[in-house]
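Chains as they are written, first to last, in our numbering: chain A, 1 to 490; chain B, 1 to 490.
Hints listed in this document are in silico derivations from the structure and should not be mistaken for laboratory results. Given the structure is predicted, the values throughout are model-derived calculations rather than measurements. Any given hint might turn out to be false.
Given that identical chains are not distinguished, each listed pair holds provided it fits within a single copy or across any two copies.
[To be verified] Taking lysine-lysine pairs in the DSSO-like style, the calculated list, with each CA pair at most 27 Å apart, reads: (1) Lys-55 / Lys-187; (2) Lys-148 / Lys-29; (3) Lys-62 / Lys-340; (4) Lys-124 / Lys-37; (5) Lys-124 / Lys-148; (6) Lys-207 / Lys-88; (7) Lys-29 / Lys-55; (8) Lys-124 / Lys-340; (9) Lys-241 / Lys-37; (10) Lys-328 / Lys-78; (11) Lys-84 / Lys-392; (12) Lys-392 / Lys-362; (13) Lys-62 / Lys-314; (14) Lys-328 / Lys-254; (15) Lys-254 / Lys-29; (16) Lys-340 / Lys-254; (17) Lys-400 / Lys-108; (18) Lys-29 / Lys-124; (19) Lys-29 / Lys-62; (20) Lys-241 / Lys-408; (21) Lys-225 / Lys-187; (22) Lys-55 / Lys-320.
There are 2 protein chains.
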Amino acid sequence: MADNFEKKEIIKKSQNLSDWYTDVILKAKLADYAPVKGCMVIRPYGYALWEGIQKYLDVLIKERGVENAYFPLFIPEKFLQKEKEHVKGFAPEAAVVTIGGGEELAEKLIVRPTSETIMYEMYKQWTQSWRDLPVLINQWCNVVRWEKRTYLFLRTSEFLWQEGHCAHTNSEENTEMVLWALGAYQKTYQDLLALYGISGVKSEAEKFAGASKTYTYEMLMPDGKALQGATSHDLGQNFAKVFDWTVLGENGEKLYPWQNSWGLSTRSIGGLIMVHGDDDGLMMPPKIAPIKLVINPILGGQEAEIIALAQEIKREIEAKQSSDYPGKVEIWGSGAIAEKTFGWRMSEAELKGVPLTIALGKKEVAGTTPITIIPRLKEIGRQETGVEMVSKIIEQMLTKIQKQMLEKHKAFTEANTHEVDSYKEFREVMENKRGFIKAHWCENALCERKIKEETKATCRCRPLNDRESEGRCIYCGQKAQYRWIFAQAY
Amino acid sequence: MADNFEKKEIIKKSQNLSDWYTDVILKAKLADYAPVKGCMVIRPYGYALWEGIQKYLDVLIKERGVENAYFPLFIPEKFLQKEKEHVKGFAPEAAVVTIGGGEELAEKLIVRPTSETIMYEMYKQWTQSWRDLPVLINQWCNVVRWEKRTYLFLRTSEFLWQEGHCAHTNSEENTEMVLWALGAYQKTYQDLLALYGISGVKSEAEKFAGASKTYTYEMLMPDGKALQGATSHDLGQNFAKVFDWTVLGENGEKLYPWQNSWGLSTRSIGGLIMVHGDDDGLMMPPKIAPIKLVINPILGGQEAEIIALAQEIKREIEAKQSSDYPGKVEIWGSGAIAEKTFGWRMSEAELKGVPLTIALGKKEVAGTTPITIIPRLKEIGRQETGVEMVSKIIEQMLTKIQKQMLEKHKAFTEANTHEVDSYKEFREVMENKRGFIKAHWCENALCERKIKEETKATCRCRPLNDRESEGRCIYCGQKAQYRWIFAQAY
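In isolation and in its complexed conformation, chain A is listed as follows (with noise of 0.2 Å):
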């Protein structure tokens, strides 16, 4: 039956990468490009992600103590001018509001693209001393950076995120504090989304601009490229001192407050489309499906004995679900959907990825069949149950398929990981099949930007769980530490 679907049309995953990316996402009504360029819309099915995301990622942040809040759009220039290799990064891309209730503005106000200025000086304004310490705040909003071209999801001037911003007495706490994010969005990727990827920190040439240290997440796309997941910035006392911002210490000194800033965004639901789908549309991790279940009746005969077992098993899905999978269950015999045909039924579940789907015909309602659940992910096999056991397999299948998808994934990146001795051979993975390069590197930053001229591969990080490996430098033989990963990057 699965065999003899009419198919929506789409583009190849296995022929084209890009191009069935954009599609996949318009088809399944996850976004669409807004008429305002570089601009996105997300539309119902895609924001469910990013409600999702949140929902996880805000239990996490407020269990560790911090708590939201929210900072204003606008940013005047000044503000973003303090922090000299902040502005450097971060002007070339701004949006300039220069006119506000009919009058041409004094002062130019940038739309934030991130809000570290804005926030430090309210930061300042609230504390005097050490015990007014740590500030813990994260908030969830829209920034703004600009782009000419749009890649949904992956590249638009406006993107949804969080960024929280801490600031502590102590360099070791606020270290603390640096890595608890990136485990954080580790856990988020890694538990959530299925998506494997590898903890490390970034060059100095890579780092966020205004930043002692930035930590990140970087996965492995299926075209070899590197798709950085999130970051986290050890700030030191960099902003602190810019801002002029003190507070008396405990022996009564002046005391520049460490700090710490850390963003995920929309950006990670481009990852989530590009590794999980394949040429048949998408494929969603149960735990952040929208919708986990679809039931598809046969229409034409027998429908209100079809409807009604529909009915039961939704409830006693409903009735038993864990927390785990808050997705819907969906039957979809009423309404405009019932006009399709089954067939453009079922394919419309593959193109949005919805983990399970239970095709119900007169045959189960006879009971001569039994219910029959078929997992988007097809290697790990249908199932079939009666009503009473239905709740329980699908767990079970839920469970399978999570765990399933991410350690696909992290098969894919260990098997696309060259280690790599000689720079030719370096050359020779980047012209055929990319990937992650691990390779000695001695950390200046001329070998760095002549290997990305030459090969297009950027310096993605040095994991953090690797040790120290002595070795000579890919480019110029000297010596070098530490194996990076480098790849050329999205």
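Mind docking chain B on chain A? Use the hints.
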């Protein structure tokens, strides 16, 4: 004990409402002035209120089948200009982006003041036939309407809100949705925020720019001025027509969809603060209170035992609490707050409007004094209990407080609603006590304008629950069908 606090100095509400309002917002750390003119920062304690409102209203929205989505922040100038009344209403308050990515933009972008125009452009693209309707979409976002002077929560250049935008095949279904939204707002205000108000329809002059009809929830503030709590607009086919949006109707005809939009903003928090507080500070309705109970230990002897008892109480409550009161239980016996005196802490809990407080000392540990639960709303009286009953008593007290707070505001509103039958009386009320005035009005815009010029009172609404009652217009003496509510507005 409760009478001997060292109070944080706050301005008295009974003496100057407006100064008290700002003072209490700043001192309880709900919000602060931003370094950008007209903007505010919502601090964690204030943002928790918005999170509570979001959570409550979002459930209602989703139950109605409306889905969340996200549309761009920027609206091309020409979009706003499509609907004549709409642009007239919003252009004067626009923040305009003229530079993007370092270049002067060919077309200026308006930072959204509301999203009708950008959303409906997309709806038009997404729908071909009556089967694609209804479109039921909501978004939670920030909007900007330029203001020169900030009035925290009540009038700021940027604010947060939700905006629901639905489209239907016919007028009846459209009206149903408009009234559903109004009902959801009334429920949110009354059930969650304990704010009584009048649901009514706006006059032609006061309706939304571009709407056929605007419905509103109007509340009376302690100074006798009205606050508009939320609005729901029946847009008729106005926007569909100016956007030339048609779909194929059921009988093959060209159909202009019927539309509605509805919004509730962070302004609601302004009403919450203003109505419920008193000379001692804020007063949070239990259902929205970020902290529902403070356990305040008397430190200075047997501290370990006192803290242990506090923790036992906390555990007991958290184990049994209902989802109606999701606020935290906090023990103010460690960290920075423990450095403050007991009295300071008691008055801090009052300032923050925490519904319940327990002061805990040696006597409670010894069991010679029962645990005493002190309500912020004094008239419901303290209650004594042992640990085993503490959860139940607290739940009962919270329920009683929630109910009482709404009843108080209702009683205040009714006591300050004046049925008036002469313009002389009308002016006297406006000059002396203000409040809601219920008066006959002929529905002629000229009378409405004259009344406003001469008394500052604007037409707030015609209450939906009122029957027709013939009379003479308070201003011109012509026949009038209804009593309308007039008041000076925020």
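Results of checking the hints against the structure:
With identical chains, the CA atoms of Lys-55 and Lys-187 are at most 27 Å apart both within one copy (13 Å) and between copies (24 Å). Proximity of Lys-148 and Lys-29 under a CA criterion of 27 Å is satisfied intra-copy only: 23 Å inside one chain copy versus 40 Å between copies. Within a single copy, Lys-62 and Lys-340 get their C-alpha atoms only as close as 44 Å, which misses the 27 Å cut-off; across copies the closest is 25 Å, which meets it. In the homo-oligomer, the alpha carbons of Lys-124 and Lys-37 lie at most 27 Å apart only across protomers (18 Å), although the nearest pairing inside one protomer, at 37 Å, exceeds that limit.
For the homomeric pair Lys-124 and Lys-148, the shortest alpha-carbon distance between copies (25 Å) is at most 27 Å, but the shortest distance inside one copy (36 Å) is not. With identical chains, the CA atoms of Lys-207 and Lys-88 are at most 27 Å apart within one copy only, with a shortest distance of 13 Å there and 46 Å across copies. Taking CA atoms no more than 27 Å apart as the test, Lys-29 paired with Lys-55 passes in both settings, with 22 Å inside one copy and 25 Å between copies. Only between protomers do Lys-124 and Lys-340 lie at most 27 Å apart by alpha-carbon distance; the minimum there is 22 Å, versus 60 Å within a single protomer.
Taking the closest pair of Cα atoms, Lys-241 and Lys-37 come within 27 Å of each other only across two copies (25 Å); inside a single copy the shortest separation is 38 Å, beyond that limit. With identical chains, the CA atoms of Lys-328 and Lys-78 are never at most 27 Å apart, being 48 Å at best within one copy and 39 Å at best between copies. Within a single copy, Lys-84 and Lys-392 get their C-alpha atoms no closer than 58 Å, and across copies no closer than 58 Å, so neither meets the 27 Å cut-off. For the homomeric pair Lys-392 and Lys-362, the shortest alpha-carbon distance inside one copy (24 Å) is at most 27 Å, but the shortest distance between copies (52 Å) is not.
Proximity of Lys-62 to Lys-314 under the C-alpha cut-off of 27 Å is restricted to the inter-copy arrangement: shortest distance 18 Å between copies versus 33 Å within a copy. Taking the closest pair of Cα atoms, Lys-328 and Lys-254 never come within 27 Å of each other, the shortest separation being 55 Å inside a single copy and 35 Å across copies. In this homomeric assembly, Lys-254 and Lys-29 come within 27 Å of each other (Cα to Cα) only across copies, at 25 Å, whereas the closest approach inside a single copy is 55 Å. In the homo-oligomer, the alpha carbons of Lys-340 and Lys-254 lie at most 27 Å apart only across protomers (23 Å), although the nearest pairing inside one protomer, at 71 Å, exceeds that limit.
Taking the shortest Cα distances, Lys-400 and Lys-108 never come within 27 Å of each other, neither inside one copy (54 Å) nor across copies (51 Å). In this homomeric assembly, Lys-29 and Lys-124 come within 27 Å of each other (Cα to Cα) only across copies, at 15 Å, whereas the closest approach inside a single copy is 44 Å. Within a single copy, Lys-29 and Lys-62 get their C-alpha atoms only as close as 32 Å, which misses the 27 Å cut-off; across copies the closest is 19 Å, which meets it. Proximity of Lys-241 and Lys-408 under a CA criterion of 27 Å is satisfied in neither setting, with 46 Å inside one chain copy and 51 Å between copies.
Taking CA atoms no more than 27 Å apart as the test, Lys-225 paired with Lys-187 passes inside one copy only; the shortest distance there is 22 Å, against 50 Å between copies. For the homomeric pair Lys-55 and Lys-320, the shortest alpha-carbon distances inside one copy (21 Å) and between copies (23 Å) are both at most 27 Å.
Checked against the numbered hints above, the structure violates hints 10, 11, 14, 17 and 20; every other hint is satisfied.
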